[in-house]
Amino acid sequence: MLKNFAKAKSRRFMPAAVANGIGQVMFQPCILTGLLFLVGIFIGSIECGMPQIGAGALTGAVSATLAGTLISPDLIQHKAGIWGFNGTLIGCAFPTFFAANGFMWGALIFFSILSPVLQKGLNSAMSACNINSLTIPFVLLTWIAILAAQSFGNLKLIATISDSTSINDSLNYTLQDIAIYCLKGISQVFLINSWITGIIFIIALAICSRRAAIWAIIGSGTALTTSILLGASYDAIANGLYGFSPVLTAIALGCTFSRPGVHNTIITLIAIVSTVILQGAMNVMLLPAGIPALTAPFCIVTWVFMLSSHADDDVSHSE
Amino acid sequence: MLKNFAKAKSRRFMPAAVANGIGQVMFQPCILTGLLFLVGIFIGSIECGMPQIGAGALTGAVSATLAGTLISPDLIQHKAGIWGFNGTLIGCAFPTFFAANGFMWGALIFFSILSPVLQKGLNSAMSACNINSLTIPFVLLTWIAILAAQSFGNLKLIATISDSTSINDSLNYTLQDIAIYCLKGISQVFLINSWITGIIFIIALAICSRRAAIWAIIGSGTALTTSILLGASYDAIANGLYGFSPVLTAIALGCTFSRPGVHNTIITLIAIVSTVILQGAMNVMLLPAGIPALTAPFCIVTWVFMLSSHADDDVSHSE
Amino acid sequence: MLKNFAKAKSRRFMPAAVANGIGQVMFQPCILTGLLFLVGIFIGSIECGMPQIGAGALTGAVSATLAGTLISPDLIQHKAGIWGFNGTLIGCAFPTFFAANGFMWGALIFFSILSPVLQKGLNSAMSACNINSLTIPFVLLTWIAILAAQSFGNLKLIATISDSTSINDSLNYTLQDIAIYCLKGISQVFLINSWITGIIFIIALAICSRRAAIWAIIGSGTALTTSILLGASYDAIANGLYGFSPVLTAIALGCTFSRPGVHNTIITLIAIVSTVILQGAMNVMLLPAGIPALTAPFCIVTWVFMLSSHADDDVSHSE
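Residue numbers (numbering that gives the first Met the number 0), protein chains in the order written: chain A, 0 to 318; chain B, 0 to 318; chain C, 0 to 318.
Excised from the complex, chain A in its bound form (with noise of 0.2 Å):
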């Protein structure tokens, strides 16, 4: 194991490996999506007051690669990013949750390098099945992270995600508004609340793939369509928090995990609402324990549509 570890230092493939990682929240194995995403986040969080996010993202990204690198030995899926993403998104999330401590920092750290290990476990469990255990390492973790700091006084929560974002009272309808919501629920993947940094992430996903950047904004679009009309709550709507988890089913299912036609999206689509469904039912469920859904209803939604296509292939191989 340590071999492989110099054998990919020798080879400077790192950076790329910490840059396809990044890009692989949204499944581009892209060092340039890479690279953009981490100037949105980085401008996204010091224009939110959070420079510590940008650092964060860097930080867990590059020790959940390093983990990587010590527990698998495929050093070419390694340098497509496949150990990154998830330490990138806990280091989004744990400045976000947490107070800026000494303590979060080694946690942030700690849980980035459980992150592969964890994903491993779970990518193991889950072959059989011909799924992938997507972001769902970050979401577990990070749920672990905000219930153990109720146990453990030395890692302070500070403000949940919806209090650090602005406070509104109704919707505006104009074009202008609405592609402000859009955007936001684009920024919001990376637990970004920026229309800027939305729109710097759909030109970072379109230098990799035109069709994920469309994706990632119909996602957006639906998501927005499907939860004001079944009531959700205008100050969710606003900022962007029932986009990130449709947009990675958009993404997931329209564009990387099948081909392009009609049939395909029509199932996107209606993933795509059952995914803001879902994300409404499960911020119920979570409420009482404290714990956001994070992009768990992403997770849930594109297994059980990757799982029912399967089946299907399944079937008609045997006739």
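Hint data in this document are derived by calculation from the structure and do not stem from the laboratory. Hints are supplied without guarantee of correctness; some may be wrong.
Incomplete in silico selection of chain B near chain C, CB under 7 Å [unchecked claim]: (1) Ala54; (2) Ala127; (3) Asn131; (4) Ile227; (5) Leu229; (6) Gly230; (7) Ala231; (8) Tyr233; (9) Leu277; (10) Gly279; (11) Ala280; (12) Asn282; (13) Val283; (14) Leu306; (15) His309.
Negatives, chain B to chain C, calculated, CB over 10 Å [said to hold, decoys possible]: (16) Lys78; (17) Asn122; (18) Cys128; (19) Ala205.
To be clear about the criterion: a stretch of chain C counts as covered by chain B if any three or more of its residues have a C-beta under 8 Å from a C-beta of chain B, and this derived list gives those stretches [said to hold, decoys possible]: (20) 117-123; (21) 147-157.
Just so it is clear, CB atoms sit at the ideal spot from N, CA and C, and this is done for glycine as well.
Since the structure of chain A is provided, determine the placement of chains B and C on it from the hints.
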């Protein structure tokens, strides 16, 4: 897929598939059984002053069966009603838990259409263990709808199932009262609180399988005895709320998934008692979330006992 | 099946299977270890003024071992005690959580008999991933009993485990106090709060495996250090409540399921720290439901680390 849909339509087998789907709620792919179940639901729902439950059951069964045609090419399975039973139960549950406005009917149809997708996905994941998803797609989708209704203003929760029933301060132990409690346990499989419906369901079962009818009575009777001995609330006992999951456990383990025999009878009785205890536990655990256990205790107990007997066969085979 | 039962009885191997079953709680299929564990439980339970815990442990071990004979034909596994350890723990837990009336003893025996059924079912589902159910059948069945007791009047909850322990306003850092906290962490594996029992358990472990005894001490010591550094409640620390799950993680990953080495030692230490953190999280999450985490953190962490190292082997093999 659309070709399948056309083929299915041209064979005019949809009415058969829908009726079988209603029958499959209690594992009976018989057209007459399904039709009698529907009659029982309508009579019971009118008796309770909520005819929309009957209309919901039919709408759910048709929606889910149609969606099943679109997602699965296997017409034989389809005709046997395997895609309809979760939709039927969703159709009974939604008008019970939500105000009967346009959003409720929209949600009822949308969730019924999702039910074969979730069912197929879960079956695919569970097939390696030789079990299937039973009625858990209905349970999960109904939980999601009830929880989501608290996030989305436009779907309105009304009384929970226990409120729509008569309040009992004590139990009567005359033969007639015991029979009524027992029959309501059977009618509650479709969320109906009516002993007349219970009798119709037993007749419907007996038409397809006399063993299934007998196990339904044994299941409800054993559950009644267990819940009285353990000291459950009179109200829940008198309205059959401890009966419906054990009835399904009894039919599944006593009849559908096993051959008759002394050994199997003892195992099934233990499973029935376990279902009652698990339901008591789940009622308490789910209370803070405001969701009822529905048929989850039946699913969990049946999975455990099936998995446990499968392993048994494996060892026997390898000897 | 009944033939098996007779064969097993005629060989008079039941006492050996029961003793091994008690030893298997800490993964030691040694008769003397099991007997010493039982002595430690009795001494500790008498010290705490609750001798029924000792009697419960023996009753649970015997009930589960007998039930195991009935459901599994493999006498070699059976003699090694694989069906007894969940029953032993149920036998320790029920008199701790419930008033010692007839219903408690009935429930203790019924749930102990169910434990091999659940264990076999879960093992069957998990076998594809090369993991087994560890002590999760004990955890799940005890959770169900505690929750169900709130639905059923005849099973009465008494003090939870933390109430039966002494209250500590601060920690003492003398060598003696540290040793006592550490030893209680080991005795709490069987829900016993006694440093004398802790010493007996270490001796019992050392008889079967010196490595296991050393890992038990490392596990409890590392957990103690971690919980102090993270700022856990003094009371929980002083009574060993952060120690018992990590002790099991330490023995499982450091000794039972792996070969010795530097790499494995580091992994095991990370897993021990992770177990403490997960327990802190689960304590908070389970508080509204009124159930303790028991050994669930040990099971979850051990599964993740085992799954993660399995996948590693797979990749190595395919190279």
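Status of each hint after checking the structure:
no., hint, in the structure
1, Ala54, "33 Å, violated"
2, Ala127, "6 Å, holds"
3, Asn131, "13 Å, violated"
4, Ile227, "10 Å, violated"
5, Leu229, "4 Å, holds"
6, Gly230, "3 Å, holds"
7, Ala231, "6 Å, holds"
8, Tyr233, "11 Å, violated"
9, Leu277, "6 Å, holds"
10, Gly279, "3 Å, holds"
11, Ala280, "4 Å, holds"
12, Asn282, "5 Å, holds"
13, Val283, "4 Å, holds"
14, Leu306, "4 Å, holds"
15, His309, "6 Å, holds"
16, Lys78, "31 Å, holds"
17, Asn122, "15 Å, holds"
18, Cys128, "5 Å, violated"
19, Ala205, "31 Å, holds"
20, 117-123, "holds (count 6)"
21, 147-157, "holds (count 7)"
Of the numbered hints stated above, those contradicted by the structure are hints 1, 3, 4, 8, 18, listed in ascending order.
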